[in-house]
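**Q** For the sequence shown, this note's numbering assigns the number 1 to the initial residue and increments by one for each residue that follows.
What the hints contain is simulated information worked out from the structure, not anything from laboratory work.
Ideal Cβ positions, reconstructed from N, Cα and C, are used throughout, including at glycine.
Any given hint could be a false lead.
Stated by the list, open to error - Taking CB as the label site, the calculated pair distances span:
| hint | residue 1 | residue 2 | range |
| --- | --- | --- | --- |
| 1 | Asn96 | Glu502 | 32 to 40 angstroms |
| 2 | Gln95 | Glu502 | 43 to 51 angstroms |
| 3 | Ser100 | Thr161 | 13 to 21 angstroms |
| 4 | Asn126 | Ala102 | 17 to 25 angstroms |
| 5 | Ser137 | Asn78 | 51 to 59 angstroms |
| 6 | Gly179 | Asn96 | 29 to 37 angstroms |
| 7 | Gly456 | Gly519 | 31 to 39 angstroms |
Stated by the list, open to error - As a list, the in silico EDC-like pairs of lysine to aspartate or glutamate whose alpha-carbon atoms are at most 16 angstroms apart:
| hint | residue 1 | residue 2 |
| --- | --- | --- |
| 8 | Lys110 | Glu50 |
| 9 | Lys323 | Asp379 |
| 10 | Lys323 | Glu303 |
| 11 | Lys110 | Asp85 |
| 12 | Lys99 | Glu50 |
| 13 | Lys540 | Asp493 |
| 14 | Lys420 | Glu375 |
| 15 | Lys115 | Glu67 |
| 16 | Lys258 | Asp288 |
| 17 | Lys373 | Asp406 |
| 18 | Lys297 | Asp282 |
| 19 | Lys110 | Glu74 |
| 20 | Lys373 | Glu337 |
| 21 | Lys323 | Asp366 |
| 22 | Lys447 | Asp413 |
| 23 | Lys458 | Asp487 |
| 24 | Lys323 | Asp260 |
| 25 | Lys125 | Asp189 |
| 26 | Lys335 | Asp379 |
| 27 | Lys372 | Asp422 |
| 28 | Lys499 | Asp452 |
| 29 | Lys488 | Glu518 |
| 30 | Lys416 | Glu375 |
| 31 | Lys447 | Asp406 |
| 32 | Lys500 | Asp533 |
| 33 | Lys72 | Asp85 |
| 34 | Lys420 | Glu461 |
| 35 | Lys416 | Asp406 |
| 36 | Lys335 | Glu303 |
| 37 | Lys500 | Asp452 |
| 38 | Lys295 | Glu337 |
| 39 | Lys419 | Asp366 |
| 40 | Lys458 | Asp422 |
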Amino acid sequence: MKQPPLRGYSISIFRLFIMVKKSQFKIFIFLYFLVGCTSSNKSVVSPQLEALTASFTVSQANPKLNETITFKDESKGNPTSWTWDFGDGTTSTQQNPTKSYAKLGAYTVKLTVSKTGVASQSATKNITVTASVLTLSLNTQNVVATANTASITLTANNSWTASSNSTWLKVSPISGNAGTNTVINFTVDANTTTNSRTGIVTFASGGLTQTYTLTQAGASIVSQGGTLYIATDQGDYASNAALFAIDINTGSIKWRFKTDTPSETFASPTASNGIVYFGNNDRIFALDAQNGNIKWKFSTGGEIISSPLVIDNVIYFGNTDRKFYALDANTGTKKWEFVTGRPITSSPTVSNGMVYFGCGSLYALDVNTGLKKWEFLSDDLSFLDSSPTVVNGTLYIGASGIRGEDGKIFAIDGLKGIKKWDLAIGSISSSPTVVNNIIYVGSQNNKVYAIDAVTGLKRWEFLTNGSIGSSSPSVKNNLVYIGSLRDKFYALDASNGSKKWEVPSPTFINQSSPTIAEGVVYIHHGVWISAFDALTGVKKWTGNLGSSNDSSPCVVTSDGKVYHSGISGYPDN
């Protein structure tokens with residue numbers, strides 16, 4: 001290259017030549033100095049480019065079944081293609097794909113990235129697909145035609161929503177977060193038609209759905225079948241008590257009577273000659289069995305807890321004011337009263353021209369005059385507060401001991417009031433039932449007993465899952481029916497005590513006793529009244545009465561037969 005001329009002053013020229021060849025730069029530098037010398041230097045420089053690496057993130061490392069998740073590419077080095085292997089046989093070439101898994105399990109997800117001229121790179125992550133949880137404590141319920149409420153519980157491990165397909169069936173709340181045993185409430189409007197109707201509430205959570213179906217009976221007023229009478233504390237009448245007349249075949253309401261004052265109802269109803277009797281607070285009501293109209297009512301000075309008994313057109317009952325009454329069943333006129341030493345909580349029974357009831361001690365009164373024939377007090381001061389049963393001139397009654405567990409069952413001569421035998425089987429609040437000279441009774445020690453009525457020897461015992469309160473056993477077709485305080489209802493073989501079937505109850509069975517009529521067993525448990533096939537335990541229907549109560553059912557069949565539970569000393573009718 002020709003040198004520039006020297007003119008007496010310094011000249012410097014800088015020239016830079018760059019030649020690119022593939023991934024290398026060739027740099028030529030020419031420097032011109034004052035002396036006219038030319039200096040050049042050639043060097044080769046390799047640039048530090050970002051290496052290709054594979055990396056990704058996932059929106060949920062433990063997704064639920066069928067939950068959509070997003071895989072996000074975080075690779076370096078500007079890849080131009082992406083290949084995803086999701087570990088379940090599916091793939092994708094998107095840079096940031098979405099995916100859901102249809103099966104539970106652990107999966108290895110692999111991302112492979114590549115670009116021209118560079119070796120492909122891969123990265124893996126492990127994810128575990130878990131199950132979405134959405135369960136309801138009950139999926140179906142049946143209620144009577146009246147306006148009432150129902151409830152279930154929900155468990156979900158995701159947020160959830162609820163929606164009803166019917167305006168008459170309202171659900172609250174309609175949404176919520178993950179939780180266990182969340183209470184879901186339903187409000188049911190009254191059904192004013194004669195047709196039953198069905199509403200469905202759909203719950204959705206984590207890709208799962210559950211449905212709750214509620215069937216409400218039609219407001220049938222006339223029925224060719226029999227009638228079940230049951231008392232409640234409130235129903236839908238605020239704090240006023242109510243008595244329901246329910247069709248035994250369908251569970252639909254026939255009529256309903258409400259009291260005129262706020263009150264509680266403990267006593268079970270009974271029926272005789274077209275009249276239904278039930279105690280409420282300090283009054284006894286007599287209602288027309290066909291329509292619920294009041295025939296008469298009688299006020300006492302204390303609360304009526306025990307169920308009345310009607311024999312020969314006389315109604316017998318006691319109250320907490322320590323008085324026992326005999327009234328004319330047709331008019332409500334008082335025939336006589338007897339004052340005891342303690343509040344009366346047991347129901348009476350009549351035999352041998354005497355009326356018997358427990359009240360700490362066992363009383364026998366003349367049915368015509370109310371005069372005391374005899375009084376039996378146990379020698380160990382056991383409280384004889386349960387309802388007595390009389391068979392072949394012998395009274396059988398349970399007692400609670402001073403320490404509770406020291407209770408006994410007594411056999412007492414009905415004419416003389418003399419003890420024949422006793423057997424310690426724990427505290428007893430329920431009435432014994434006697435069939436074919438065998439006593440069946442439940443104890444608060446969680447057991448049901450079969451005892452020889454003549455000798456007092458134990459035949460068998462059955463351990464339930466909870467204490468037996470005041471629920472008395474009922475016996476029919478060689479089966480013993482009884483409920484427990486731990487939400488179960490049992491049918492036992494009367495011969496040996498083996499379990500024939502059991503059904504769960506939505507709530508505990510405390511004082512209500514089962515009633516059997518025409519092959520069906522009826523039980524009142526909490527707010528529910530249910531009918532089961534007596535032989536198989538298959539549920540026929542369940543109705544929601546709107547209020548918890550311990551009243552036992554009274555059933556009158558179409559031919560006029562009256563069936564009670566064991567609370568009044570009846571074996572099965």
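**Q** State for each hint whether it applies.
**A** To see whether the hints hold, each was checked on the structure:
{"no.": "1", "hint": "Asn96 with Glu502: 32 to 40 angstroms", "in the structure": "56 angstroms, violated"}
{"no.": "2", "hint": "Gln95 with Glu502: 43 to 51 angstroms", "in the structure": "60 angstroms, violated"}
{"no.": "3", "hint": "Ser100 with Thr161: 13 to 21 angstroms", "in the structure": "19 angstroms, holds"}
{"no.": "4", "hint": "Asn126 with Ala102: 17 to 25 angstroms", "in the structure": "18 angstroms, holds"}
{"no.": "5", "hint": "Ser137 with Asn78: 51 to 59 angstroms", "in the structure": "56 angstroms, holds"}
{"no.": "6", "hint": "Gly179 with Asn96: 29 to 37 angstroms", "in the structure": "33 angstroms, holds"}
{"no.": "7", "hint": "Gly456 with Gly519: 31 to 39 angstroms", "in the structure": "33 angstroms, holds"}
{"no.": "8", "hint": "Lys110 with Glu50", "in the structure": "22 angstroms, violated"}
{"no.": "9", "hint": "Lys323 with Asp379", "in the structure": "24 angstroms, violated"}
{"no.": "10", "hint": "Lys323 with Glu303", "in the structure": "10 angstroms, holds"}
{"no.": "11", "hint": "Lys110 with Asp85", "in the structure": "5 angstroms, holds"}
{"no.": "12", "hint": "Lys99 with Glu50", "in the structure": "30 angstroms, violated"}
{"no.": "13", "hint": "Lys540 with Asp493", "in the structure": "22 angstroms, violated"}
{"no.": "14", "hint": "Lys420 with Glu375", "in the structure": "15 angstroms, holds"}
{"no.": "15", "hint": "Lys115 with Glu67", "in the structure": "32 angstroms, violated"}
{"no.": "16", "hint": "Lys258 with Asp288", "in the structure": "13 angstroms, holds"}
{"no.": "17", "hint": "Lys373 with Asp406", "in the structure": "28 angstroms, violated"}
{"no.": "18", "hint": "Lys297 with Asp282", "in the structure": "10 angstroms, holds"}
{"no.": "19", "hint": "Lys110 with Glu74", "in the structure": "13 angstroms, holds"}
{"no.": "20", "hint": "Lys373 with Glu337", "in the structure": "14 angstroms, holds"}
{"no.": "21", "hint": "Lys323 with Asp366", "in the structure": "15 angstroms, holds"}
{"no.": "22", "hint": "Lys447 with Asp413", "in the structure": "26 angstroms, violated"}
{"no.": "23", "hint": "Lys458 with Asp487", "in the structure": "26 angstroms, violated"}
{"no.": "24", "hint": "Lys323 with Asp260", "in the structure": "24 angstroms, violated"}
{"no.": "25", "hint": "Lys125 with Asp189", "in the structure": "54 angstroms, violated"}
{"no.": "26", "hint": "Lys335 with Asp379", "in the structure": "33 angstroms, violated"}
{"no.": "27", "hint": "Lys372 with Asp422", "in the structure": "23 angstroms, violated"}
{"no.": "28", "hint": "Lys499 with Asp452", "in the structure": "20 angstroms, violated"}
{"no.": "29", "hint": "Lys488 with Glu518", "in the structure": "23 angstroms, violated"}
{"no.": "30", "hint": "Lys416 with Glu375", "in the structure": "9 angstroms, holds"}
{"no.": "31", "hint": "Lys447 with Asp406", "in the structure": "14 angstroms, holds"}
{"no.": "32", "hint": "Lys500 with Asp533", "in the structure": "13 angstroms, holds"}
{"no.": "33", "hint": "Lys72 with Asp85", "in the structure": "14 angstroms, holds"}
{"no.": "34", "hint": "Lys420 with Glu461", "in the structure": "22 angstroms, violated"}
{"no.": "35", "hint": "Lys416 with Asp406", "in the structure": "25 angstroms, violated"}
{"no.": "36", "hint": "Lys335 with Glu303", "in the structure": "20 angstroms, violated"}
{"no.": "37", "hint": "Lys500 with Asp452", "in the structure": "22 angstroms, violated"}
{"no.": "38", "hint": "Lys295 with Glu337", "in the structure": "21 angstroms, violated"}
{"no.": "39", "hint": "Lys419 with Asp366", "in the structure": "20 angstroms, violated"}
{"no.": "40", "hint": "Lys458 with Asp422", "in the structure": "11 angstroms, holds"}
Checked against the numbered hints above, the structure breaks hints 1, 2, 8, 9, 12, 13, 15, 17, 22, 23, 24, 25, 26, 27, 28, 29, 34, 35, 36, 37, 38 and 39 and satisfies the rest.
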